[in-house]
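We have chain A; now place chain B onto it with these hints.
Protein sequence lines correspond, in order, to chains A and B.
Just so we're aligned, residue 216 is where the first sequence starts under my numbering, counting upward by one.
Just so we're aligned, residue 901 is where the second sequence starts under my numbering, counting upward by one.
Hints are computed from structural coordinates only; laboratory data are not their basis.
We put the CB at the ideal spot given by N, CA and C, even for glycine.
Any given hint could be a false lead.
[What the hints assert, rightly or not] Between beta-carbon pairs, the in silico distance windows are:
| no. | chain 1 | residue 1 | chain 2 | residue 2 | range |
| --- | --- | --- | --- | --- | --- |
| 1 | A | A533 | B | Q929 | 38 to 48 Å |
| 2 | B | P928 | A | E347 | 25 to 35 Å |
| 3 | B | P907 | A | Q367 | 50 to 60 Å |
| 4 | A | A625 | B | R932 | 28 to 38 Å |
| 5 | B | N930 | A | R440 | 42 to 52 Å |
[Unchecked claim] Cross-link-like lysine to aspartate or glutamate pairs, in silico, EDC-like; alpha carbons within 20 Å at most:
| no. | chain 1 | residue 1 | chain 2 | residue 2 |
| --- | --- | --- | --- | --- |
| 6 | A | K466 | B | D936 |
| 7 | A | K466 | B | E938 |
| 8 | A | K268 | A | D601 |
| 9 | A | K567 | B | E938 |
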Amino acid sequence: MEKYSLLQLAKHALSGHRHWPPAWRSPEPKQSYDVVIIGAGGHGLASAYYLAKKHGISNVAVLEKGWLGGGNTGRNTTVVRSNYFYPQSTHFFEHSLKLYESLSRELNYNVMLSQGGVLTLGHSRHDMEILERWSNSLQLQGVDAEMMTTEQIRRHTPLLDTSRAARYPIWGGFIQHRGGVARHDAVAWAYARGADDRGVDIIQNCQVTGIRTSAGRVQGVETGRGYIRADKVAIAVAGHSSTVAAMAGLKLPIVSQSLQAVVSEPVKPCLNGVVLSGLVHAYVSQSDRGEILIGGGTDRYPSYGQRGNLPLVEETLAATLNLFPRFSRLKLMRQWAGTVDISPDSSPIIGKTPVAGLYISGGWGTGGFKAIPAGGETLAHTIASDRPHPLIEAFGLQRFVDGALIDEGAAAGVAH
Amino acid sequence: MMQIECPWCGKRDEEEFTCAGQSHIQRPQNPRQNSDSEWASYLFERSNPKGVHLERWRHTFGCRQWFNLARHTVSHEILAVYPMGAAVPEHISTAGDGAVEEVVA
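Excised from the complex, chain A in its bound form:
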């Protein structure tokens, strides 16, 4: 792998940037691997990277039915944060945020992490009480969180309508300063490049059509490009978790729904970090290119159509314009949707399955992007040692049988 550096940039500039090597190979699939990972999104690629790097397992294939990073990894709103509520979630997501903070150096690839803060708004006395409780819980767990008054919010984000006459008056809020955004494509590409460099085969346009098991143990996967034998198989396919798990006879506590986002035309920098409101179901940030990026809640019925419906867009935009009246003349450039796999407690399902040698990383719902580094690292550990990593012990399928749900509906619900 050619290291990216200023020196390399200068060297390639001399030859007109015509000789940069590809960032990863496109190999033909072999007949067998130690580990097959289904899904070359952020989680699948990160898992492959850490398997090779930390566990010395590089005879790994990552199979992708479309193109690398073309599912939810390329469709999310790129928010990273760790302001969950329960310790199990906070520990995991805080670890993930810490990995994000050093990811560009780790992978020698600029993931454009921009920690402009994630500001959560409160619109009533009751909202404020909940935000106090939430931020206190975070502080006790060593995660940065700070309450803000309306006046502080007005100075932090002057575009917000902080007047008392606002449709949704802002009573205050709390901010996680270390939260922010990162470039989603870069995260997928960086892990792909790092994994490929360590010998992992990333095979695109290779759809898995079946999972072969024998006596409760996984044998391999049927694909559009032939049968591939593997002792261990991991499913990291976001919205399609249920359909792929069903190939191994598993039924999951998952419902797939559409989650939409829109971006406006690019404008000059005017917004710091991410602003979100759980009450009105909207969150807003500005990309490095200047587009205002707006997201909301999920469409309210099961769907695998990566389109999204119009009523939800209308609802989200109406809410956003009430918060930011000055955005009313922005033109929207694009709208899109991803298929998100929602679990009953809005927490991920990651770890082992009842089928020996079959692992799953799913149920990330509306917030999988922020979890990519820690999700990959812990899944790799789980695959390598066949024991759940301590950070994800609480997030296994068994919790639904034990009744040990980790109900993060409030923290995960709108703040993706």
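Okay, now just chain B, sitting in the frame of chain A:
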């Protein structure tokens, strides 16, 4: 935008309705005799097909009546509307459950 044929009110926009998820889930007859895992299965596991889904809907901002829909989860095409408690109409096949058939919307 879907338009849903309410059995009582006729065709209305989807905004008037609420989806309450998978239909035909049977509560176990003797919950006390179920294992925890059977109970978890009843409470949480869902078919979540990429294909025809049988689901409960309510005309929340209309007549408030409940009914069942057979709807395709990729194209959102509505294949049948039938009353609560009724059996699945015969022409509806959910054989695609869990399969990976690609359906072009």
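Okay, the hints, checked on the actual structure:
1. A:A533 with B:Q929: 38 to 48 Å: 47 Å, holds
2. B:P928 with A:E347: 25 to 35 Å: 42 Å, violated
3. B:P907 with A:Q367: 50 to 60 Å: 54 Å, holds
4. A:A625 with B:R932: 28 to 38 Å: 33 Å, holds
5. B:N930 with A:R440: 42 to 52 Å: Given about 49 Å between the Cβ atoms, the range holds.
6. A:K466 with B:D936: 16 Å, holds
7. A:K466 with B:E938: Since the Cα atoms of A:K466 and B:E938 sit roughly 12 Å apart, the hinted pair holds (cutoff 20 Å).
8. A:K268 with A:D601: It holds: about 17 Å lies between the C-alpha atoms, which stays within 20 Å.
9. A:K567 with B:E938: 19 Å, holds
The earlier numbered hint that this structure contradicts is number 2, and it is the only one.
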